[in-house]
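Full structure from sequences and hints, please.
Given next are the chains, with one letter for each unit.
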Amino acid sequence: MMPKALKSWEGGLLAIFLLTLAFNAANAPEFLTLQNQINLFQLSIEKIIVALAMTLIIVNAEVDLSVASIMGLSAAVFAYAVNQGVPGGLALLICLGVGTLAGLINAVLIARVGIPSLVVTLAMMIGFRGFARVLVKDTSLGNFPVWFTDLGQKGFMLGIPLSLWLFLGLLIVLGVLLHRTGFGRQVVVIGTNAEVARFSGLNVARVKTTLFVMSALTATVAGLFYAARLGSVRGDSALGFELDIITMVLMGGVSIFGGRGTMPGVVLSILIILNLRNGMALMNITGHIQTGVIGVLLIASVLVPNIVSDLRARAARV
Amino acid sequence: MKMKMISGLMLGAGALAGLMGSAVRAEPIQATPGQEVNAVLLPKFLGILPFDQANRGAQEAAAELGSTGKLQYIGPTPENSAAGQIEMLTTATTQKQHVVMLSNNAGDQIAPAAEAAAAAGTKVVTWDSPIPSGKGESFFVAQVDFGSIGVVMADMVYDLTGGAGEFAVLSASPDASNQNAWIEAMKTTLATHAKYKDLKLDDVVYGNDQSEESYNKALGLVDKYPNLKVIMAPTTVGIVAASKAMQDENLCDKVKVSGLGLPAEMVSYTLNGCAPEFALWSFVDLGYLTYYASYMLATGAIKGEVGEQIHAGRMGDYTIEADPGREGARRILMGPFTVYNKDNVEAAAK
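Line by line, the protein sequences are chains A and B. When the letters of the first sequence are read in order and numbered with this note's numbering, they come out as residues 1 to 318. When the letters of the second sequence are read in order and numbered with this note's numbering, they come out as residues 1 to 350.
In short, the hints are calculated from the structure, not lab data. Treat the hints with caution; some may be incorrect.
Unchecked claim - Derived pair list, reagent style BS3-like, types lysine-lysine, alpha-carbon separation capped at 30 angstroms:
1. Lys195(B) / Lys229(B)
2. Lys137(A) / Lys244(B)
3. Lys244(B) / Lys200(B)
4. Lys197(B) / Lys187(B)
5. Lys187(B) / Lys224(B)
6. Lys244(B) / Lys350(B)
7. Lys200(B) / Lys224(B)
8. Lys200(B) / Lys137(A)
9. Lys135(B) / Lys303(B)
10. Lys135(B) / Lys154(A)
11. Lys254(B) / Lys197(B)
12. Lys224(B) / Lys254(B)
13. Lys135(B) / Lys137(A)
14. Lys197(B) / Lys137(A)
15. Lys137(A) / Lys229(B)
16. Lys154(A) / Lys303(B)
17. Lys137(A) / Lys187(B)
18. Lys154(A) / Lys96(B)
19. Lys254(B) / Lys342(B)
20. Lys244(B) / Lys187(B)
21. Lys197(B) / Lys224(B)
22. Lys195(B) / Lys224(B)
23. Lys96(B) / Lys70(B)
24. Lys135(B) / Lys187(B)
25. Lys137(A) / Lys224(B)
Quick look at the structure:
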């Protein structure tokens, strides 16, 4: 029953995706150009990178609301360090250190102390953001090394930027990790029922620690790409991104209660959102309406499975 | 009904003198009507009056020039302003729009996208708020000379405090380069003229052009600085929010609000004494002039180089000049602007 429901969910996403593609191609002549296809990913690349790690977190029946603040923090730390005269390479290492530390703080409070991730990461969302604002103050910091901004703005291989390669690589690695390894099965089992998993002898704390450190590190790298792409950083850089990221994951059919969800589903959801936004932009539809359309889509994606399972339950009773 | 007009002041006069002194007296370049120009007017965000007025002016100019292309008015939502502007500029480049007219709210964050646009053949003309580094930008249509705004802001504070006292600035977002340039110009004015020596700038805070945030920031200033006499808000959103905050808390006798505002939105606060004096220029004219200059740039009538003189329909002749505030960048200076008070605000609000 469950795998079939999953298949139909992804089938639905695929149908919507193909419809979006067809609609865009028919209405916007520039849509299918290679440059537009690269731009479409590049404009949201930081969010979709973080969404991949978020998928594993939510399948594990947790949530990480602090990702956007960690992105902002890593960008702010980099900008601050570079403007204090720290060489760019060293600044990158400092950021990775800060990111790991941020992930460890989350992980210890959630996996060892046992506070719900919703609470911990909500608090850290505020805390990390505050720290970023203290570093950058009410201005913007730029003057990055050229090699750094080039990494964010120019093609790296075959005209495709490094961040997009990273997304593709991470997609394969995390997809295999979730669906083809023992660790991935543990993530799903714990997400289905953490108590049962614990009694079965799984090291729940270790799995959760790994996930939250991974999530923070992914957010750190994404934050650095954001800084490189825009060439300067503000205290509110990446503010509010966590909601877009979680939207992508939930629309991909990942259950907010954990235990259920696939990487292909999330990728399809990402493709739908990016293509919809891009198509609407090419058709000169303004920001307010774009946000509204995505909102309706999310509500539908949460409602439809519920209605379907409700109908099925009724049919079974009859 | 007395209109208090303040002209482009010293820098404007200096530019004029320079022009008259030059040996070549070229005729202003005329636009050739009826050409195809696809253009995008990209404001900081949608939903506030001055940008809609600029659009009205741009549409008027487009109709007058009879462009066979399209003029789109699109913008991001306020909370997504910087990222949204970058996305829309990138999309406009993909669409091969001839020209994008940008009121920049993303600071230099938008410079890479503007350079990419220029490289792909989509011209970027800024108005209202420029790209600080000037990168990727053909030229900036400046509403008034940024240095002279600093003088007017300082003078309004001077008037309202009676020449001595503490004040604070409520700005829009920290990356709005027009705001930053004006605040800097005001600080320079305060520091260089003995007349202002008894004025003390306590703080600069940012309400991000969101009404509620600006409202709270204004009240925060009053709490933090008990001797505060004036809130100077050089943003049309901030000045309304601050005025309402002072009115709601019955603080108008103690703290006056001033800055840049739209008469239609400010009339009640000016008449009840919460904001006795404020200034602004015509956003309709700014949109009109920006479209004229952009049309001529897109059709190749001008190249966007210093010294080129254009004839902009009903507004007359303008010259592209070096921007004194941004090294290596160019501007067209519109000017002048008007100071509003209880004598003239009602007429202007209609």
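Checked hints:
1. Lys195(B) / Lys229(B): holds (18 angstroms)
2. Lys137(A) / Lys244(B): Given pair Lys137(A), Lys244(B) holds - Cα atoms ~27 angstroms apart, limit 30 angstroms.
3. Lys244(B) / Lys200(B): Satisfied, since the Cα-Cα distance of roughly 24 angstroms is no more than 30 angstroms.
4. Lys197(B) / Lys187(B): holds (11 angstroms)
5. Lys187(B) / Lys224(B): holds (21 angstroms)
6. Lys244(B) / Lys350(B): Cα-Cα ~21 angstroms, so holds.
7. Lys200(B) / Lys224(B): Holds - the C-alpha atoms of Lys224(B) and Lys200(B) are around 15 angstroms apart, at most 30 angstroms.
8. Lys200(B) / Lys137(A): holds (22 angstroms)
9. Lys135(B) / Lys303(B): holds (16 angstroms)
10. Lys135(B) / Lys154(A): At roughly 17 angstroms apart (the allowed maximum being 30 angstroms), Lys154(A) and Lys135(B) satisfy the hint.
11. Lys254(B) / Lys197(B): holds (21 angstroms)
12. Lys224(B) / Lys254(B): Judged against 30 angstroms, a Cα distance of about 14 angstroms means the pair holds.
13. Lys135(B) / Lys137(A): holds (24 angstroms)
14. Lys197(B) / Lys137(A): Holds, at roughly 28 angstroms.
15. Lys137(A) / Lys229(B): holds (26 angstroms)
16. Lys154(A) / Lys303(B): Roughly 28 angstroms between the alpha carbons, so the hint for Lys154(A) and Lys303(B) holds.
17. Lys137(A) / Lys187(B): Holds: Lys137(A) and Lys187(B) sit about 19 angstroms apart, inside 30 angstroms.
18. Lys154(A) / Lys96(B): Holds, at about 20 angstroms.
19. Lys254(B) / Lys342(B): Holds, at roughly 19 angstroms.
20. Lys244(B) / Lys187(B): holds (26 angstroms)
21. Lys197(B) / Lys224(B): holds (22 angstroms)
22. Lys195(B) / Lys224(B): holds (26 angstroms)
23. Lys96(B) / Lys70(B): Cα-Cα ~12 angstroms, so holds.
24. Lys135(B) / Lys187(B): holds (26 angstroms)
25. Lys137(A) / Lys224(B): holds (18 angstroms)
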